[in-house]
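Protein sequences appear in the order of chains V, U and X.
To get the working numbering, take the position in the first sequence, counting from 1, and add 164.
To get the working numbering, take the position in the second sequence, counting from 1, and add 529.
Note that the working numbering numbers the third sequence so that position 48 is 38, with each residue one more than the last.
Treat the hints as calculated values from the structure; they're not laboratory data.
Note that the structure is predicted; figures quoted are calculated from it, not measured.
Check the hints yourself; a few may be wrong.
Label pairs and their calculated CB-CB ranges [unchecked claim]:
1) F554/U with W173/X: 27 to 33 angstroms
2) Q343/V with D615/U: 36 to 42 angstroms
3) S721/U with R248/V: 43 to 49 angstroms
4) I572/U with T120/X: 40 to 46 angstroms
Some but not every residue of chain V turned toward chain X, in silico, with C-beta under 8 angstroms [unchecked claim]:
5) G193
6) W196
7) D200
8) G236
Just so it is clear, CB atoms sit at the ideal spot from N, CA and C, and this is done for glycine as well.
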Amino acid sequence: MPVIHPPNQTPAVMKDIAIDAERLARRFGPRWALADVSFQVPRGAVMMVAGRNGSGKSTLFRVLSTAIRADGGRASVSGFDIGRERQDVRRNVALLSHSSYLYEALTARENLHVAADHLGIKRAGIMDLLERVTLGGRADDMVVTFSAGMRKRLSFARILLQDPSVVMLDEPYGQLDPQGFALVDDVIRELKARGVTVLMATHQIERGLRIADLALFLEQGRVQSFGRASDAPTTDNRQQTTSQVVR
Amino acid sequence: MIAALRKEVLLQWRTRTQFIAVFIFGATALLLFSFGVGPNSEILRQFSAGFLWLGLLLSSTLTLAESFHAEMENRALEGLLLLPSDPRALYYGKAVANWIQLSLLGSALIPVMVILYDAGTTRVLSLLGIIVLGAAGLSAPGTLYAAMTAQIRGKQTLLPLLLFPLIVPALLSSVKATSLVILGDPMNALGSWLSLLAAFDAIYWALCGLLYGRVIEE
Amino acid sequence: MGDQSQVSKHAAAQGAVAAGLFFVGLYFSVIAPIAEDYGGVNIAFGLPLGVRASLAAICGVAGAIFLLIVDDPKSRARRAAILVGAGLVLLLLGSYWGLFIAPPETYMGQVQRIMYVHVPTAWNALLAITFGFGCAIVFLFKGDFRWDAYMESSIEVGTVLGFLLCCQGAIWAKPTWGVWWDWDPRLTTTAVLIFAFLGILALRNFVEDPVKRAIWSSVATIIAYVDVPIVFYSVKWWNSLHQQQSTPNTVSSVFHIPLRLNAFAVLFLMTGFIMLRARVAALRLSHEIAPPPLLSAEEVGELA
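Could you build all of it, start to finish, from the sequences and the hints given here?
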């Protein structure tokens, strides 16, 4: 499998590297979910991460956002080390995780209030944010009554509350309707325009490649290929990758 | 910490039916203890303080475990940590919320004790003060251990296994102080038991706050 | 080759330091009193009794902790074997002395002889969990898994010693007070301690992730250890109506010799067992925290 070196990668301009991962590894029990992953993402780029279930996409995001530790290798996000400077990494990163991070017994509005209070920001813009993710009409309903797609939208609103320099989206399209797809694309473009670096793990490879600058394919916790999105594997390969989703 | 406490209180208010269920559990325990002794009202009165605190202790494991249910359901605690939040603020928010809830639970169990064991007293304020101090002793290490055991399988058994030996001094002094209030205090020993309880509280409120970050971070 | 002989020289020097510390301990606590009682010569350099006892205790504890800290996989098995062997010999010697040579105690009679194992067990149980507490603190600061292995083993050995302590206490209590169990502060604290540390050992079994297991059990160990004096004083206070038991520290040196022989015996056994148990823990850990299976240089070259 060819490894394509990423564009714009010159050590001299390390200042412009938003994410620098070197031989990252993480194990769960005897299994290495991430075995050996290295890559660099320039500031302001959008990178798609693809790979079949269990290839290590979510683990990679959780390690980079300091939700879980790395068992090997090192990485820096926005110039901060994920091991030693966790709080600084966290101030710079927003993660849309596989878990929704929502309290079931609180309403949509209250969930965002809780996040805003902990971030130390004003609650003022929260209603607009809910309108943006088309949850304005359900703002005062408890999350327990929400569908999977609505939870996803609310988690999205929670991300937008933060002011990060790196955003990681773990399957942003999952469980969303077509309007939701458009919303996600919209948000990603907006973030990119603001110079935010975006990482996005998805099975929607066609859609992801349209919006991404870089593409990282993972296979059993290792880098299968990494390079420009325009150089990404041919349709045949891609189909192979997608068909592998069903084991 | 204020933000964390606000969230906890709101969550507890939403799950108040759970509080009622725990209260009924505690009251049932108090009822059952009397069957362990038999219908001897004098002995029941003698042991009433011990039964009250054992009832509260057994119920507290339910309350403490429940307080982490909402955090683990959608990994909400991880979400707060990544915002980022200060783990110490999260600890004190939750520990104070559990303290309040256990104090309310203990206070609600007092009338049950008075009725079942004929253990009445006019010093209601002293009794409430002991409940508040004792609940603080349960909630400080209890919140820390519940954070641990909520993350692993077999959590139902592990929380009491870790917590019960630890809180022996708090239990002992709470029981002693309560029974001195109910049965009379000829030696004037109430103050020293309350200082012991307060010392236990101070040590564990400080120590557990320091260590909490290591428990919830990965 | 040269490197290896360096290492073994190093190990020999460490062994000599520990042996020297143990010798000083045994010299002041056992050899000097024997020489004085049976030979009539004073070879303790005129040191007062209290200083001799403290010096002996400090040297013994220092030797054990030194051996545990400089422990390395190469010399571990040999040192543990020597310690366990020496411990067994001293235990036989001390118990024979205590059972057959020492006269029965005036007030408590033959029952008192259980003190010759009971008191050494108590001292060493406390020492084992104190060492475990130290390991917990060092682990939380340094994150070195060596200390996790030592914490696991010392807590386990300490719990076993604590269990023996309760059994011996019950055996002593039955003829003395007429009951198996008395709410004596020491006995009760030991029982509470055993349950607290059994809980921690159970916690270790429930947690599969090695890092979480190590951190959580360190935290729990610190919390439980801090509780020990609080439990002791609260039980003492709670049960202040009872008469306190006496320890044989006011009695003459005929009682001291078997007690001290056994103290060193249990110290050696404890240290040896902790080393052996730490080896098991370290072997399990070496699988759990093995480094990731990185691609070799050739494989990376192939890919590029």
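Practice item. Please verify that hint: G236/V, Cβ, nearest Cβ of chain X, below 8 angstroms or not. Key: holds, 4 angstroms
Check your understanding: Taking the beta carbons of S721/U and R248/V, is their distance inside 43 to 49 angstroms?
Key -> holds, 47 angstroms
Point to revise | Restraint check, 8 angstroms cut-off on beta carbons, for D200/V near chain X | key: holds, 5 angstroms
Review point. Are W196/V and chain X close enough, Cβ to Cβ, to be under 8 angstroms, as the hint says?
Key: holds, 6 angstroms
**Study point:** Pairwise beta carbon distance, F554/U to W173/X, judged against the given window 27 to 33 angstroms
**Key:** Since the Cβ atoms of F554/U and W173/X sit about 29 angstroms apart, the hinted range of 27 to 33 angstroms holds.
Point to revise | I572/U versus T120/X beta-carbon gap, inside 40 to 46 angstroms or not | key: holds, 42 angstroms
Review point. Is the shortest C-beta separation between G193/V and chain X less than 8 angstroms?
Key: Holds. Min distance 6 angstroms.
Exercise for review: Mind checking the hinted window 36 to 42 angstroms against the Cβ distance between Q343/V and D615/U?
Suggested key: Holds, since Q343/V and D615/U (Cβ atoms, about 38 angstroms apart) stay within the stated range.
Every hint from the earlier list agrees with this structure, and none is contradicted.
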